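*Asks:* Construct the complete structure from the given sequences, taking the supplied hints into account.
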Amino acid sequence: MTATLSTPAAANQHSPRVPRGDERPQLAALTGVRFFAAFHVVVFHIVMAFHIVAQTPGESPFKTWCELGAAPFDQSWWIRGIIRSAFTAVSLFFALSGFILTYSCLTDDNQLVVERRGFWAARFARVYPVYFLGLLINLPAFAIWLGTHKATVSPGQATGVAASAVTLLQAWWPLAANAWNAPGWSLSVEAFFYLSFPFIALALRRRTAPQLWTIAALAWLLSLVLPFVYVIADPDGIAADPSGPGRVTWLSDATWLSVVKFNPLVRLPEFVFGMALGLLFGHEAAARCRARRSTRGWAAALALVAIIAIQAVSEWIPYPVLHNGLLLPLFGLLMVDLALGGGWLGWLLSRRPMTLLGDSSYALYILHFAVVSYALMVAWFPLGGRQLMEQQQAIAAGQEPAPPQDQPQPVAAEVGDKTVDEVPHPLNYMFGIIIGSVLFSIAVHKLVEVPARRWIRRRLMRSRLSLPPPPIVADLP
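Numbering-wise, my numbering comes out as the position in the sequence shown, counting from 1, plus 238.
These are calculated hints, taken from the structure and not from any lab test.
For clarity, every value in this text was computed on a predicted model and none was experimentally measured.
Even glycine gets a Cβ: it sits at the ideal position worked out from N, Cα and C.
Accuracy of the hints is not assured; some may be wrong.
Computed spacing ranges between beta-carbons, pair by pair [stated by the list, open to error]:
1. 463 x 554: 15 to 23 Å
2. 540 x 407: 37 to 45 Å
3. 393 x 585: 51 to 59 Å
4. 440 x 407: 19 to 27 Å
5. 401 x 489: 24 to 32 Å
6. 693 x 590: 20 to 28 Å
7. 551 x 590: 29 to 37 Å
8. 591 x 693: 22 to 30 Å
9. 547 x 393: 26 to 34 Å
10. 674 x 585: 43 to 51 Å
11. 295 x 451: 49 to 57 Å
12. 536 x 451: 15 to 23 Å
13. 665 x 554: 22 to 30 Å
*Replies:* Okay, here's the thing in structure tokens:
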């Protein structure tokens with residue numbers, strides 16, 4: 239039950255050699271960078287909610303309020319592009335997971351040792367407590383989703399959607415991927431990565447540095463194949479729809495698009511890319527480079543600038559291609575240079591407040607969607623939400639006629655208890671949501687995530703499972 243990857247230096251002069259003892263770099267900067275990636279996703283989901291409500295038909299105080307919130311992020315093409323390309327952070331998460339898990343499992347004698355059952359048990363202890371908490375917190379929102387989809391989702395399908403979310407299988411089923419706590423789809427993908435990790439390690443055994451570079455390059459190219467095929471073939475007919483924008487966008491929703499975006503097999507090359515870099519990072523050349531601090535963080539800074547520049551022009555890049563793996567080489571340069579020391583940028587990201595935020599970023603990523611949803615409901619209620627709920631209750635009681643089936647469901651009544659000027663400005667509200675989400679994630683990390691992980695690991699150790707040590711750096715968003 240143990241997968242061992244060995245690359246002894248005697249086998250080939252190009253074989254990687256892991257730095258021993260105190261030479262092994264500590265990758266605190268990679269923990270810090272995770273916070274900014276998760277933060278990007280949080281901002282995007284708030285702006286996305288503003289935008290979607292602002293585009294709904296009809297007029298209401300809540301719609302006007304959301305228009306005020308969306309407007310600052312829609313006026314400049316480059317701001318719009320950066321905000322709306324937050325989905326690229328998930329590709330970074332996948333590559334980082336492969337990189338960090340591989341590097342963490344390397345021993346001082348240059349072997350990648352993975353005891354399968356122990357590794358999987360440790361991954362469960364790391365992932366599931368906060369993930370399950372996210373499901374519980376999002377349960378009311380999931381009930382609303384079931385109610386709004388009852389005409390198209392059968393009871394059997396609803397049960398299947400719920401079961402797939404609880405068992406981390408939802409990414410395999412387009413209907414279920416975003417149904418219950420939308421960010422959880424990426425954890426479903428990660429679960430498949432964890433299942434595959436020991437076997438991929440066996441496949442990479444005794445690979446030389448040139449071979450690992452080739453594997454990384456092929457993984458990047460493979461990550462782009464299906465997105466390009468989708469763009470060219472247009473199997474969902476999105477680009478050909480005369481009533482649509484004429485191309486696939488971040489608002490597009492279709493079956494085959496969901497397969498390209500969420501299916502674990504489609505996203506696997508991004509994880510393999512990170513694994514290959516994790517092995518290359520153990521190469522003695524990497525140790526020499528770190529000792530000299532040859533780039534002083536400028537390579538990471540240039541990679542970051544290039545990433546932001548590409549995100550700024552994301553409206554002109556095919557959405558499925560950018561969504562999946564286009565930025566992998568830049569992500570690889572960023573994380574390897576930060577792992578080598580990162581100079582001034584690595585120093586900033588390695589400070590204790592940043593590592594605390596990075597350690598809490600998994601809770602932020604998994605739980606923020608519920609915070610955003612419920613916070614916006616609080617704003618919706620006085621801006622017409624209460625009146626709309628009363629109207630729907632009257633329709634259910636037969637006191638008012640039901641609207642036609644083909645009429646879009648309004649997001650708020652035309653008149654609310656308060657006017658837009660009587661509630662906090664949406665940008666102030668957005669700032670409060672972000673601060674609240676970050677503080678909540680820190681509390682969950684301290685009070686739930688860490689104690690639950692330690693408790694589960696203690697229970698598993700009593701069963702005599704050989705558990706790997708915790709990763710040397712946060713290995714999740």
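*Asks:* State for each hint whether it applies.
*Replies:* Status of the hints after comparison with the structure:
Separated by about 21 Å at the C-beta atoms, residue 463 and residue 554 satisfy the suggested range of 15 to 23 Å. Here the CB-CB span from residue 540 to residue 407 is close to 40 Å, well matched to the stated 37 to 45 Å. Residue 393 and residue 585 have their C-beta atoms about 56 Å apart, which keeps the hinted 51 to 59 Å range intact. Distance hint for residue 440 and residue 407: a CB-CB separation of about 24 Å, consistent with the stated range 19 to 27 Å.
Our hint of 24 to 32 Å for residue 401 and residue 489 holds, since their Cβ atoms are close to 28 Å apart. Under the hint 20 to 28 Å, the C-beta atoms of residue 693 and residue 590, about 25 Å apart, fit the expected range. For residue 551 and residue 590, the Cβ-Cβ distance of about 36 Å falls inside the hinted range of 29 to 37 Å, so the restraint holds. One distance hint, 22 to 30 Å for the beta-carbon pair residue 591 and residue 693, holds here, with the actual separation near 27 Å.
One distance hint, 26 to 34 Å for the beta-carbon pair residue 547 and residue 393, is violated here, with the actual separation near 49 Å. Range check, residue 674 to residue 585: about 29 Å between beta-carbon atoms, so the 43 to 51 Å window is missed. Taken as a hint, the range 49 to 57 Å holds for the pair residue 295 and residue 451, whose Cβ atoms sit roughly 53 Å apart. Taken as a hint, the range 15 to 23 Å holds for the pair residue 536 and residue 451, whose Cβ atoms sit roughly 22 Å apart.
Checking the proposed 22 to 30 Å range against residue 665 and residue 554 shows it holds: the Cβ atoms sit about 27 Å from each other.
Hints 9 and 10, counting from the list given before, are not met by this structure.
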